[in-house]
Amino acid sequence: MILVDTSVWVDHFKNRNEDLVRLLVSDSALIHPLIVAELACGTPPAPRTQTLNNLRQLRYCNQAGLQEVEDFIERELLYGFSCGLIDPATLIF
Numbered sequence: 000m001i002l003v004d005t006s007v008w009v010d011h012f013k014n015r016n017e018d019l020v021r022l023l024v025s026d027s028a029l030i031h032p033l034i035v036a037e038l039a040c041g042t043p044p045a046p047r048t049q050t051l052n053n054l055r056q057l058r059y060c061n062q063a064g065l066q067e068v069e070d071f072i073e074r075e076l077l078y079g080f081s082c083g084l085i086d087p088a089t090l091i092f
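So that you can map any letter, position 24 of the sequence shown is 23 in numbering that gives the first Met the number 0, and since no number is skipped, the others follow by simple counting.
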């Protein structure tokens with residue numbers, strides 16, 4: 000199982016990614032709700048609603064609570080690098 004990050008989806012939407020297609024066909028791609036939300040902030044392919052609904056049909060990875068994410072950031076010294084919340088939240092699945 001592989002968690003597919005937002006940037007991979009964005010690239011795939013622009014130019015079909017055969018590696019990602021293989022993951023999808025083999026049911027090996029995971030999604031995180033924050034990644035779906037991040038994609039929703041952008042311009043996923045039309046029909047937009049159908050694309051987002053298709054993403055929501057993928058298997059979800061385990062999700063950490065906010066306190067777990069904050070603890071992870073402190074423990075792994077991930078602060079001060081200008082990263083947002085989504086990256087550390089998806090790193091600890």
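Just to be clear, a hint being listed does not mean it is correct.
The calculated label-pair distances, taken between Cβ atoms and stated as ranges, are [stated by the list, open to error]:
hint	residue 1	residue 2	range
1	39	81	32 to 42 Å
2	24	73	33 to 43 Å
3	78	56	10 to 20 Å
4	51	24	15 to 25 Å
5	45	65	30 to 40 Å
6	49	76	19 to 29 Å
7	69	32	24 to 34 Å
8	19	40	33 to 43 Å
9	25	52	17 to 27 Å
I should point out that these hints are in silico values taken from the structure, not numbers from a laboratory. Glycine is no exception: its CB is placed at the ideal position from the N, C-alpha and C atoms.
Could you work out which of the previously given hints the structure breaks and list their numbers from low to high? Those not satisfied are hints 1, 3, 6, 7 and 8.
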